[in-house]
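Fit chain B to the supplied structure of chain A, relying on the hints for placement.
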Amino acid sequence: MQEKDKKDWQPKILAILCNWCSYAGADLAGVSRIQYPPNIRVLRVPCSGRVDPMFIMKSLQNGFDGVLVSGCHPGDCHYLSGNYNARRKFAVLKPLLEYIGIETERVQFSWVSAGEGERFAEVVTKVTNDIRKVGPAKRLVKGVVSW
Amino acid sequence: MVKALREEVKRLFEEKKVDLVIGWGKGSLPMTATPIFINKAEDAERLIWDETCSNNLAVYLTKDKRQLVKTDQKIGIVVKGCDGRSLVLYAVENQIQRENLVIIGVPCAGVIDKKKVLKHIEGKEVLSASFEADRMTVEGRGFKTEIAKCDVLSDSCLNCNHPNAPVFDVFIGEPRKSDSVEDVYPDVEAFEKLDSEARWKTMVEAYSKCIRCYACRNVCPSCYCTECFVDQNDPQWIGKSPEITDTLIFHLGRNLHVAGRCVECGACERACPADIDLLKLNRKISKEILERFNFTAGLDINEKPALASFCENEKQDFIMG
Numbered sequence: 588m589q590e591k592d593k594k595d596w597q598p599k600i601l602a603i604l605c606n607w608c609s610y611a612g613a614d615l616a617g618v619s620r621i622q623y624p625p626n627i628r629v630l631r632v633p634c635s636g637r638v639d640p641m642f643i644m645k646s647l648q649n650g651f652d653g654v655l656v657s658g659c660h661p662g663d664c665h666y667l668s669g670n671y672n673a674r675r676k677f678a679v680l681k682p683l684l685e686y687i688g689i690e691t692e693r694v695q696f697s698w699v700s701a702g703e704g705e706r707f708a709e710v711v712t713k714v715t716n717d718i719r720k721v722g723p724a725k726r727l728v729k730g731v732v733s734w
Numbered sequence: 462m463v464k465a466l467r468e469e470v471k472r473l474f475e476e477k478k479v480d481l482v483i484g485w486g487k488g489s490l491p492m493t494a495t496p497i498f499i500n501k502a503e504d505a506e507r508l509i510w511d512e513t514c515s516n517n518l519a520v521y522l523t524k525d526k527r528q529l530v531k532t533d534q535k536i537g538i539v540v541k542g543c544d545g546r547s548l549v550l551y552a553v554e555n556q557i558q559r560e561n562l563v564i565i566g567v568p569c570a571g572v573i574d575k576k577k578v579l580k581h582i583e584g585k586e587v588l589s590a591s592f593e594a595d596r597m598t599v600e601g602r603g604f605k606t607e608i609a610k611c612d613v614l615s616d617s618c619l620n621c622n623h624p625n626a627p628v629f630d631v632f633i634g635e636p637r638k639s640d641s642v643e644d645v646y647p648d649v650e651a652f653e654k655l656d657s658e659a660r661w662k663t664m665v666e667a668y669s670k671c672i673r674c675y676a677c678r679n680v681c682p683s684c685y686c687t688e689c690f691v692d693q694n695d696p697q698w699i700g701k702s703p704e705i706t707d708t709l710i711f712h713l714g715r716n717l718h719v720a721g722r723c724v725e726c727g728a729c730e731r732a733c734p735a736d737i738d739l740l741k742l743n744r745k746i747s748k749e750i751l752e753r754f755n756f757t758a759g760l761d762i763n764e765k766p767a768l769a770s771f772c773e774n775e776k777q778d779f780i781m782g
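Protein chains in written order, with this note's numbering: chain A, 588 to 734; chain B, 462 to 782.
Please keep in mind that the hints were generated in silico from the structure rather than gathered at the bench.
Quick caveat, the model's predicted, so the values are computed rather than measured.
One should not assume that every hint holds.
Facing chain A, according to a computed beta carbon distance under 8 Å, are these residues of chain B, among others [claimed, not checked]:
#1 Arg-660
#2 Leu-717
#3 Ile-750
#4 Arg-753
#5 Phe-756
#6 Gln-777
#7 Met-781
Cross-link-like lysine-lysine pairs, in silico, DSSO-like; alpha carbons within 27 Å at most [as the list claims (entries may be wrong)]:
#8 B:Lys-487 with B:Lys-577
#9 B:Lys-741 with A:Lys-725
#10 A:Lys-713 with B:Lys-776
Quick reminder that beta carbons are idealized off the backbone N, C-alpha and C, glycines included.
Chain A with its partners taken away, still in its complex shape (with noise of 0.2 Å):
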């Protein structure tokens, strides 16, 4: 990559957000006009439970500097349990990823509330920072893998 091209790079998030809590959240935080970084790109999905692993890599893949998965928090799930089965998921992966070098940052889960606009705004700035950090992804990135 270009010196000039690293300047101006923004870093490209994917933000899977379950439809009852945190996409409600991020909804919030626009109502509410609290500015975040506008690096998230939203795909609303029904509960965190629906994210299969697979989502994540292949986002990773086709080129997503890095994936927020966010749902409601333990206990709030509208289907009672999408979430635990999330979190037994997501506790594969993310070690997993990390295993084989995918940097840590570039994956996070996080639970936030469809009441928690403010917290909405602060998880996104939290993960387009620690992006930011890391860097363009170039690891498991079709075409461009390198090592």
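Showing chain B alone in chain A's frame:
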């Protein structure tokens, strides 16, 4: 041991306890055993049990191989520790009817990985092989070598704590006392200590050898989906060419599908024609699941796999606070 096994199988046929027995027979090449299907008492003589019996026979009860056995048959199956754990997994996942199964346990001291033997003798052709307690002798044209058995054991057997099937109906000989290995994942721990750059480099180097033959999936006892995600076209998860990121995602995806279900029998690794250290990822997941959820696959017939259950108040340190 082999004699006792044959006698037992003969007895099961005579008492009409089984219609079919799945076991190992002598392979056509030295150092190989082949799965055999026995349907009459006389054929029990073909059974063998030794260090070459590496196939996980449990696979014959699921997936496309299921056509080999009829569902209403009473099936006897000879199992090592890991094969027995696969059967427990199948019972938990309602893939078999336990009451139609006669599980014949054999004590396992580890099986050999033929690829390791060949590496040891630099790929020379082996014409005969024999086993003693802790070493093996291989013979070929113009050479005869003794190899310590621990040098050619399958990777899956090196830190094995489950030499006997956890559930069985008959056991041949005495169940082998477990070595009670305390440090079960030394290889995983060593790899974790490397820096991220080195880990990535190792992974890419290892997996770029993959020719995507899917032998690992086909031989895996835990991979029994009727349609695998790599074969799906809509959505197409994995590109068809052996491109490195696709290859890695195939392996990661497969490993995640067997997360909490993998019994670490090592069948994938022994089947791999590219000689990739496939267990490395599986074992990382197993380690993580053992540490977090205190769960080991295929031991308890009443316990759901780790990723099919949850506990409300469990550690969630990986989630942003």
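Outcome of the hint check:
1. Arg-660: Cβ of B:Arg-660 sits 4 Å from chain A, so the hint holds.
2. Leu-717: holds (5 Å)
3. Ile-750: At 7 Å from the nearest chain A Cβ, B:Ile-750 passes the 8 Å test, so the hint holds.
4. Arg-753: holds (6 Å)
5. Phe-756: With a closest approach of 10 Å, the B:Phe-756 hint is violated.
6. Gln-777: At about 6 Å, which falls below the 8 Å cut-off, the nearest Cβ of chain A leaves the hint on B:Gln-777 intact, so it holds.
7. Met-781: Where the cut-off is 8 Å and the nearest Cβ of chain A is about 4 Å from B:Met-781, the hint holds.
8. B:Lys-487 with B:Lys-577: holds (20 Å)
9. B:Lys-741 with A:Lys-725: Holds: B:Lys-741 and A:Lys-725 sit about 23 Å apart, inside 27 Å.
10. A:Lys-713 with B:Lys-776: holds (22 Å)
This entry does not satisfy hint 5, going by the numbered hints stated previously; all others are met.
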